[in-house]
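Chemist: Chains as they are written, first to last, in full-length UniProt numbering: chain X, 1 to 347; chain W, 1 to 347.
Keep in mind the hints are simulated off the structure, nothing from the lab. Every residue, glycine too, gets a C-beta built ideally from N, C-alpha and C. Among the hints, a few may not be true.
Only some residues are given here: those of chain X computed to face chain W with a beta carbon under 8 angstroms [unchecked claim]: (1) 74; (2) 84; (3) 108; (4) 139; (5) 222; (6) 224; (7) 283; (8) 322.
There are 2 protein chains.
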Amino acid sequence: MGKARIGDVAALAGVSVATVSNVLNRPEKVTPPLVDRVRAAIDELQYVPHMPARQLRSGRSATIGISVLNAANPFFGEIVSAAELAAVGRDLSVMVGSSHESPTSQDKYLDVFEQFRFAGIIVTPVSQDLERLRRLHARGIPVVLVDQEDPTRVLPSVSGDHLAGGRLGGEHLVAAGCTRVTFVAGPLAVPQIAERLQGCEEAVGDHAGVELTVHSGPGMDIDLGRVAGEEILRLPASRRPDGVFAANDMQAIGIMQAFLAAGLRVPEDVRMLGYDDIAFAAVAAVPLTSIRQPSREIGRTAATLLMDPAAAQDVPAARVRYTPELVVRESTAGAGVARVGSPLPAG
Amino acid sequence: MGKARIGDVAALAGVSVATVSNVLNRPEKVTPPLVDRVRAAIDELQYVPHMPARQLRSGRSATIGISVLNAANPFFGEIVSAAELAAVGRDLSVMVGSSHESPTSQDKYLDVFEQFRFAGIIVTPVSQDLERLRRLHARGIPVVLVDQEDPTRVLPSVSGDHLAGGRLGGEHLVAAGCTRVTFVAGPLAVPQIAERLQGCEEAVGDHAGVELTVHSGPGMDIDLGRVAGEEILRLPASRRPDGVFAANDMQAIGIMQAFLAAGLRVPEDVRMLGYDDIAFAAVAAVPLTSIRQPSREIGRTAATLLMDPAAAQDVPAARVRYTPELVVRESTAGAGVARVGSPLPAG
Chain X
1 MGKARIGDVA
11 ALAGVSVATV
21 SNVLNRPEKV
31 TPPLVDRVRA
41 AIDELQYVPH
51 MPARQLRSGR
61 SATIGISVLN
71 AANPFFGEIV
81 SAAELAAVGR
91 DLSVMVGSSH
101 ESPTSQDKYL
111 DVFEQFRFAG
121 IIVTPVSQDL
131 ERLRRLHARG
141 IPVVLVDQED
151 PTRVLPSVSG
161 DHLAGGRLGG
171 EHLVAAGCTR
181 VTFVAGPLAV
191 PQIAERLQGC
201 EEAVGDHAGV
211 ELTVHSGPGM
221 DIDLGRVAGE
231 EILRLPASRR
241 PDGVFAANDM
251 QAIGIMQAFL
261 AAGLRVPEDV
271 RMLGYDDIAF
281 AAVAAVPLTS
291 IRQPSREIGR
301 TAATLLMDPA
311 AAQDVPAARV
321 RYTPELVVRE
331 STAGAGVARV
341 GSPLPAG
Chain W
1 MGKARIGDVA
11 ALAGVSVATV
21 SNVLNRPEKV
31 TPPLVDRVRA
41 AIDELQYVPH
51 MPARQLRSGR
61 SATIGISVLN
71 AANPFFGEIV
81 SAAELAAVGR
91 DLSVMVGSSH
101 ESPTSQDKYL
111 DVFEQFRFAG
121 IIVTPVSQDL
131 ERLRRLHARG
141 IPVVLVDQED
151 PTRVLPSVSG
161 DHLAGGRLGG
171 EHLVAAGCTR
181 VTFVAGPLAV
191 PQIAERLQGC
201 EEAVGDHAGV
211 ELTVHSGPGM
221 DIDLGRVAGE
231 EILRLPASRR
241 PDGVFAANDM
251 QAIGIMQAFL
261 AAGLRVPEDV
271 RMLGYDDIAF
281 AAVAAVPLTS
291 IRQPSREIGR
301 TAATLLMDPA
311 AAQDVPAARV
321 RYTPELVVRE
331 STAGAGVARV
341 GSPLPAG
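Isolated chain X, as found in the complex (with noise of 0.2 angstroms):
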């Protein structure tokens, strides 16, 4: 039990061994009733291929590892389709870890991925601490950020300009007349985040008269959203902010549905403005106006990257940039905006 070998395997099904390897690695390469006899020796001799073995001798695994803040928002999710379908191309499997933007976790993933060989690597890291990473790419494990970038220029990376993102927002906001800005942050230890409201910080404060207030919380999604919005509609109406906004879209939806659920109405009583550009956010209960960041590409463009060797010997390494642009939609029109880039009527 568990001790055939792959030879024992071809020999029962009568073929080469290069056939088993075949059904086991490039099953599409072998003809179907080869594939089910190969595969019913397999299971007549429980057979349990070795990886690390076979991994040991050609030094890495077949697969990419992604670990992204959470896959289960669009933005990352777009990320990761792009990357898995440039990856196929190269016969390459994608797997993903969500770090919810824990260090434990993504320390849990990074151990994975190491441990078991991955042939690289793609990560939106959790805080500004990039040492192990860089540890990774300096023993030859292909490394690239994606949503951040290396101040060192050691790691390569493909991100947003989240400062000039946060500047257009601020801007936007104080443009449509708005005096009391909140900014709903997650995690202030993400750098992508603390960026965003550097650069409405910047926009905010060039403006006498323009009061901005930062309300940070543990996460980043639709009900941690939704707490930000029960949290706000506490305040006293004289506190309450005419301008919200953001740090992602998932937080943005969350928000409107508690003020939506509350009476509130967006645009008239609050603008509203996300980050991201999920589909989602043309879709909204109020069509959402967000900063658009270009998710396919730059899963596309991050794994074109890591597969390539020479961009792993870059130095420094290459830096992909994107200039996020500003989609206005319904939750920020009226006085002073034209409303633009929106194909829905309004809501």
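Once you have looked at the hints, place chain W on chain X.
Modeler: Relative to the frame of chain X, chain W by itself:
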């Protein structure tokens, strides 16, 4: 280079082998200065922890593999998040792959899970061919199906009752007065889609004068929903449906986007119904009626079953089946239908 062993790391760091092992596997149990010292030694010696060897000793790695149709669909995203939450309590990591309804992709993920000796597998199968999964289970690898059942009761499963859900949706559209219903399916090889369609057919078939057409497509995301919506819009007005039942909410949202952009009114011109009740359904441009499945409960229960050694031995296997719930919102409201369950004002 690369020949260092764990004892060399321990000697250089001046700690025990057990401490090095803790730093590798349970760093939270080691003080930060010690972690730093051990990591510096690992770095200096370019030591690569040898998971395969350790794994063969312990039998299984501390990782659960999940293969779902599309991790970027919040329905599966929630299942995965809940499974992660349940697994982290047992010190297990969760790695996710998206099969995108492709048997080849699913097979590749199963190869990875099997070859790396993952502790268990949660899978939304792409088809009714469960033979390989039953073989893995027979070899002692825990396997739990989500969103689909094993008719032979060999594999445990956690899913909704798709036939009942399809019936609920079909009956609802008929009760709302629809006479030309289009069921927008994804790939009909996916059993849960075929079952939802069958339920809808049963419900509509009971009513003379109601016509049901099926619109099938290669996938079930927002983009493909938009494509399906545009195809429906190209039909002559007399052949256009007055009720659309989409096989999941992602598709429904894409279809709605196409309809609204073309000036069609929902629900006045066409009533729309999705499936899953993802969080976005309630905050869609027109809040979307949907068939609710308890995604978090499904993910949590699947992980719990997977980690329960007793459940793995049960014959017949555990089968947890949730009764779906119709959540009526604006997208199907109007004559004959009371609108309930929506916290939002009309879009």
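Chemist: Does each hint hold? Answer for all of them.
Modeler: Hint check:
no.: 1; hint: 74; in the structure: holds (6 angstroms)
no.: 2; hint: 84; in the structure: holds (6 angstroms)
no.: 3; hint: 108; in the structure: holds (5 angstroms)
no.: 4; hint: 139; in the structure: holds (6 angstroms)
no.: 5; hint: 222; in the structure: holds (5 angstroms)
no.: 6; hint: 224; in the structure: violated (12 angstroms)
no.: 7; hint: 283; in the structure: holds (5 angstroms)
no.: 8; hint: 322; in the structure: violated (20 angstroms)
Hint compliance for this structure: hints 6, 8 are not met, and every other hint is.
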